[in-house]
Structure formats: C-alpha cells, structure tokens
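Residue numbers (this note's numbering), protein chains in the order written: chain A, 1 to 206; chain B, 1 to 187.
For the record, the hints were derived by calculation from the structure and aren't laboratory data. Heads up, a few of these hints could be off.
[To be verified] Once the Cα atoms are required to be at most 20 Å apart in a straight line, the calculated SDA-like pairs of lysine to any residue come out as:
#1 Lys58(B) / Thr47(B)
#2 Lys83(B) / Asn4(A)
#3 Lys58(B) / Asn4(A)
#4 Lys83(B) / Ile34(A)
#5 Lys58(B) / Tyr28(A)
#6 Lys32(B) / Val202(A)
#7 Lys83(B) / Ala125(A)
#8 Lys58(B) / Glu41(A)
#9 Lys83(B) / Glu126(A)
#10 Lys58(B) / Leu33(A)
#11 Lys32(B) / Asn4(A)
#12 Lys32(B) / Asn132(A)
#13 Lys32(B) / Ala125(A)
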Amino acid sequence: MGANDVLPTVPTFVLGESSITHLQQLAYCASFLIDCDVRPEWHGYSAAETSISATTWTDIGSGTAAPAIAYDSDGVLQGIATPSLAATIVTQGIYCVEMSAGVPTPSATDMVYIGFLWTAGTHNAEYTNGTNAIFGVRATETLSTTGGDTILCTSDVCPVVCYPGDVITPRIYTSAATTMQANVNSGTFSGRFNTNFTGYLVSMGT
Amino acid sequence: MIVPTLTAMPAGYVAQPADMNALSTAATFLLKRPISRVHAGTAQTITSAGGYVAFNTKDYDIDGMWSSGSNARLTVQTPGWYKFRLGITGGSVPFNVAIASITGANNPSGNNVTSAWRWGGWAYTATTNAAANLQGLWPYYLYSGDALAVWAQNASSSITLVAGPNGASTGTTGNGGSFFGLEWISS
Numbered sequence: 001m002g003a004n005d006v007l008p009t010v011p012t013f014v015l016g017e018s019s020i021t022h023l024q025q026l027a028y029c030a031s032f033l034i035d036c037d038v039r040p041e042w043h044g045y046s047a048a049e050t051s052i053s054a055t056t057w058t059d060i061g062s063g064t065a066a067p068a069i070a071y072d073s074d075g076v077l078q079g080i081a082t083p084s085l086a087a088t089i090v091t092q093g094i095y096c097v098e099m100s101a102g103v104p105t106p107s108a109t110d111m112v113y114i115g116f117l118w119t120a121g122t123h124n125a126e127y128t129n130g131t132n133a134i135f136g137v138r139a140t141e142t143l144s145t146t147g148g149d150t151i152l153c154t155s156d157v158c159p160v161v162c163y164p165g166d167v168i169t170p171r172i173y174t175s176a177a178t179t180m181q182a183n184v185n186s187g188t189f190s191g192r193f194n195t196n197f198t199g200y201l202v203s204m205g206t
Numbered sequence: 001m002i003v004p005t006l007t008a009m010p011a012g013y014v015a016q017p018a019d020m021n022a023l024s025t026a027a028t029f030l031l032k033r034p035i036s037r038v039h040a041g042t043a044q045t046i047t048s049a050g051g052y053v054a055f056n057t058k059d060y061d062i063d064g065m066w067s068s069g070s071n072a073r074l075t076v077q078t079p080g081w082y083k084f085r086l087g088i089t090g091g092s093v094p095f096n097v098a099i100a101s102i103t104g105a106n107n108p109s110g111n112n113v114t115s116a117w118r119w120g121g122w123a124y125t126a127t128t129n130a131a132a133n134l135q136g137l138w139p140y141y142l143y144s145g146d147a148l149a150v151w152a153q154n155a156s157s158s159i160t161l162v163a164g165p166n167g168a169s170t171g172t173t174g175n176g177g178s179f180f181g182l183e184w185i186s187s
C-alpha cells in the first residue's frame, strides 16, 4: 500500500466528458489527501535501548532491535539495513516530522539536544547525494531533580522538498554519556517514556 | 491563493465541467496548500526588553507569506486557520519564546491590532546553546494581511540567537538554527 511515489494528477474536465480515467484521477487525489493507506505517514518508536556517547550526535534507534512500527503506509521505516528509526522517503513531497525523546538524567546541568538530520539520496533533483542539514532542534539543560527522565519534543517541516531515497534521521546529542531507555512503562517519572518518531506528507510543493 | 468554493450537486443534476473542475481546483489547493518555512541564517541579539525574531532566509514559501524587507513576521495571504511551527536557538542564557498575531486591514478587528501572546516555550541553559520549540494551531481565524511573529526574551539578559543551519553538526553551535513556518489547515 501507500503512494509508492505515485503522485496525484489533477484532471481537467471538458463539456461532454466521458473519461473514467479523469474520475479515477480525481478519486486518487482524494485518497492521497485523506486515506492513511495512501498518504505517506508513519509512526515508529524505539524498542531497544540506545547508547549515547558524550558530545556526539547519535542516530536514535540504532540498537540491536528493529524499530517498532505503529503504522507506516509508505514503508519508509524499513529502508535502512541497520536497524534504525530513520525514514527513507518513498514519495516526493514536503514532510512534517515530529519526535519525542528522552534520557535518564545523568546529573544536573547536562545538555540534551534532539533534532532531525536530512540527507539527500541519489534521486534528489536539487541536491547532490549526501548533502545534509540538521533541523527541528530542541535543546535544554537538565535540572537538578533526581529520579526523573529529561524528555523533549520537537516538530518541524523538512527545510527542503524530499525525493525518494532521501533520509530523515531522528538524532540526539548529550553532554554526558547515557542510555536512552526503551519503554518499560515502569514509573511515572522514569522508564515510562520511549522515543516516538512520526512523519507525514504535508504538501507536494510546487 | 483563492480558497476553493464547492457547490452542492443534488440528485438528477447533470454535472457541468465547471462543477468537476471546481473539485479539481480544490484538490490542487489541498495538494499544494499554502505553506512556508523560513530560518535565521545570521546571528542576532535580542535585548532584555525582548523583541521579535528576524528570519532572513526563505526555505520555501508557496503563498508569498515571507518578505525580505519585513522578515520578523509571516503575513497570511490566504485566509483560514493556520498551524505554526517554530524553534528558536539561543546561547548561554535561558529564555522564553511566544507568538502573537498582528492584524491587517482586512481583519474586522481593525488594522495593526496585536494579540495577546498565545503559546509559549522555554529553554534553559547556563552554558551553551539551547533551543525552544513549539507548534500548534493558532487560535484565531486569520484574514489576508494578518501576520504572526515570534517574540523572545530573557528579562535580565540579552540573548544571542545563533545562525544556522550548519549541516550535520558535530557540535552544538548553530545546529538547525532558528526557524518559523506556517501551514494553512482549513477555511
């Protein structure tokens, strides 16, 4: 299922129209806009702990287990060979992505950053393969509370039109080494939160 | 853009090309809806009195909401309900961000009326860059000419907003930089 890079063609109707193709094109436009089985959208989350080295941007979900997928109409979460939470775009367009991620507070005054890394693939018509940009950054310093995770949320639209093969990777950066927990749902303040990564096509662009 | 108008087609009615093309126009509008994203490509300083954040670089702007000469706001061209997304990256001091609307001449409330702050964000740091990020549906219907603007402030210190983005950063300076965007949601 999914759009699979089949972009809608908006038909023009004329007097005496008898083309079923045009009606089907219009129907596909509607499906592309409102049908979750066609419109590219996904929700994945991390099912494994991810070790985070200090002062290094780390791809989230690159642990030993494959990402857990709530839904993924266009198959974007399955394009990375190494288990990862990264999305490999299948259908061209402008995408909104969202993430929540957190770490057990190592100590007070550590910095935690989350954000997305866009990387152009070989089919990108505007940027050379491997071009990248970080976007949607959210960052704050942890406080001196104990026993609580530091959880951040962020959302942004990718600053460029994505083409098939482009990759959007949720990432995290901390000033001290730590381990992102999988969701063990064990308490209100710690171990209950896991990484979520959602995205959807917002516009075809121009 | 012009918000599409659709007419009802009762039973027995023979659909005319104009009726069908109106559906096509609506599809085109939704597939390429008004959306913008801009970012701050250069550093700027916000004094302790607070101030609007300037965004001097356009990523895309399908409906002409951004202007280089008035880059501390996004001005709605197509009326409707909008979703905003923004992130502000500052350095070394904690700060608050908020968003307000400024009416244009088409708004029944009158021209140049600034709303109360709606939505707020906060980022804490005492050492290095921190970034506040917020998004949501703006609570007021926006008319053509209305604008949204982002405010940042630390009441006891100036804030240096860093330039960005800087690619796949290996550190924290710059990162994605400050960004702001609007998306048309519904009429």
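Do the hints match the structure? See the list:
Distance hint between Lys58(B) and Thr47(B) is unfulfilled; the C-alpha atoms sit about 25 Å from each other, more than 20 Å. Between Lys83(B) and Asn4(A), the direct Cα distance comes to roughly 27 Å. Violation of the 20 Å bound is thereby established for this hinted pair. For the given pair, Lys58(B) sits about 29 Å from Asn4(A) by alpha-carbon distance, which is inconsistent with the 20 Å threshold. Among the hinted pairs, Lys83(B) with Ile34(A) is consistent with the structure: their alpha-carbon atoms are about 18 Å apart, no more than 20 Å.
Between Lys58(B) and Tyr28(A) the CA atoms are separated by roughly 32 Å; this puts the pair beyond 20 Å, and the hint is violated. Proposed proximity of Lys32(B) and Val202(A) is supported: the alpha carbons are some 9 Å apart, at most 20 Å. For a cut-off of 20 Å, the pair hint linking Lys83(B) to Ala125(A) is broken: about 28 Å separates their Cα positions. Note on Lys58(B) and Glu41(A): the hinted pairing is violated, with a Cα-Cα distance of about 26 Å set against a maximum of 20 Å.
Taken as a hint, the Lys83(B) and Glu126(A) pair is broken in the structure, with Cα atoms around 27 Å apart against an allowance of 20 Å. Annotation: proposed proximity of Lys58(B) to Leu33(A) is violated, straight-line Cα distance about 26 Å (limit 20 Å). At roughly 19 Å between alpha-carbon atoms, Lys32(B) and Asn4(A) fall within 20 Å of each other, so this suggested pair holds. Proximity of Lys32(B) to Asn132(A) is assessed by CA-CA distance (about 25 Å); at most 20 Å being required, the pair is judged violated.
At roughly 19 Å between alpha-carbon atoms, Lys32(B) and Ala125(A) fall within 20 Å of each other, so this suggested pair holds.
Of the numbered hints listed earlier, those contradicted by the structure are 1, 2, 3, 5, 7, 8, 9, 10, 12.
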